[in-house]
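Participant: Going down the list, the protein sequences come from chains A and B.
Sequential numbering of the first sequence, starting at 183, is according to the numbering used here.
Sequential numbering of the second sequence, starting at 521, is according to the numbering used here.
Fair warning: there could be bad hints in the mix.
Simulated DEER-style distance windows between Cβ atoms [what the hints assert, rightly or not]:
| id | chain 1 | residue 1 | chain 2 | residue 2 | range |
| --- | --- | --- | --- | --- | --- |
| 1 | B | Asp570 | A | Asp218 | 24 to 34 Å |
| 2 | A | Lys331 | B | Asp582 | 21 to 31 Å |
| 3 | B | Leu572 | A | Glu323 | 16 to 26 Å |
In silico lysine-lysine, DSSO-like type, Cα no more than 27 Å apart, as pairs [what the hints assert, rightly or not]:
| id | chain 1 | residue 1 | chain 2 | residue 2 |
| --- | --- | --- | --- | --- |
| 4 | A | Lys313 | A | Lys331 |
| 5 | A | Lys305 | A | Lys215 |
| 6 | A | Lys318 | A | Lys199 |
| 7 | A | Lys239 | B | Lys559 |
| 8 | A | Lys331 | B | Lys565 |
| 9 | A | Lys318 | B | Lys559 |
| 10 | B | Lys559 | A | Lys215 |
| 11 | A | Lys318 | A | Lys239 |
| 12 | A | Lys256 | A | Lys215 |
| 13 | A | Lys215 | A | Lys299 |
| 14 | A | Lys313 | B | Lys565 |
| 15 | A | Lys313 | A | Lys199 |
| 16 | A | Lys239 | A | Lys256 |
Just so you know, these hints were derived from the structure itself, not from any lab.
Ideal placement from N, C-alpha and C gives every residue a C-beta, glycine not left out.
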Amino acid sequence: MIFVQHNDFSVADEYQKLCTDNQDGAIVTFIGKVRDFNEGLGVHGLSLEHYPGMTEKVLSNLEAQAREHWPLNKVTIIHRVGDLTLGEQIVFIGVTSPHRKAAFAACEFLIDFLKTKAPFWKKELTTQGAKWLDAKASDDESSEQWSEKLTK
Amino acid sequence: MINVLFFARLREQLSTDSIEISPIENMTTDHIRQQLAEKNETWAKLMQADSLLVAVNQQITDWSHSVVSGDEVAFFPPVTGG
Numbered sequence: 183m184i185f186v187q188h189n190d191f192s193v194a195d196e197y198q199k200l201c202t203d204n205q206d207g208a209i210v211t212f213i214g215k216v217r218d219f220n221e222g223l224g225v226h227g228l229s230l231e232h233y234p235g236m237t238e239k240v241l242s243n244l245e246a247q248a249r250e251h252w253p254l255n256k257v258t259i260i261h262r263v264g265d266l267t268l269g270e271q272i273v274f275i276g277v278t279s280p281h282r283k284a285a286f287a288a289c290e291f292l293i294d295f296l297k298t299k300a301p302f303w304k305k306e307l308t309t310q311g312a313k314w315l316d317a318k319a320s321d322d323e324s325s326e327q328w329s330e331k332l333t334k
Numbered sequence: 521m522i523n524v525l526f527f528a529r530l531r532e533q534l535s536t537d538s539i540e541i542s543p544i545e546n547m548t549t550d551h552i553r554q555q556l557a558e559k560n561e562t563w564a565k566l567m568q569a570d571s572l573l574v575a576v577n578q579q580i581t582d583w584s585h586s587v588v589s590g591d592e593v594a595f596f597p598p599v600t601g602g
């Protein structure tokens, strides 16, 4: 299930939806939050822009790829857009599987690729004005490492 | 016509979120980039940026992808979600 939304989400509610199948022995969730990137400016929030339509396609495609690699049962991806304040939740990824290793790996795969493939852009709102964030080389490396891991 | 969209920092720097351009024969994503770069210095600089990404019909592609009338083309900077 893919959701791109302005509204906040409840981790407890999402967990409840994920944990209904007794064939799943493992549930792994990841929550990303708005943080202060600490580049010397007082950050009070983020504005998140996306490419409506493409975002949902990319996320659905990532879910499909994850399902090809690991035995997954339920997958939930939620990403918020619009203005968010410091400390708010941005993204939720939850996966369930009979096995913990598959659940851990799939969750990490999904967030790594979401960060480098899904068309979202963060603009930091600081005391000295707004500033678009630059993509990080370390994020590209994280997603590139998967091609090695998955071909082994 | 071809609908061309711009996002994030690029949209702000160009002061527009979309334009329409007329297709030419055997048009590619690179032709569109070059055509837009001819507008003025600001467009030239932004369209020639190494980091510029392009999508056709909501799928990221390269600079040799063919484009036909009715396609949706989007230019944007590297993504920073999550």
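Participant: Against the earlier hints, flag every one the structure doesn't satisfy and list their numbers going up.
Facilitator: 4, 6, 7, 8, 9, 10, 15
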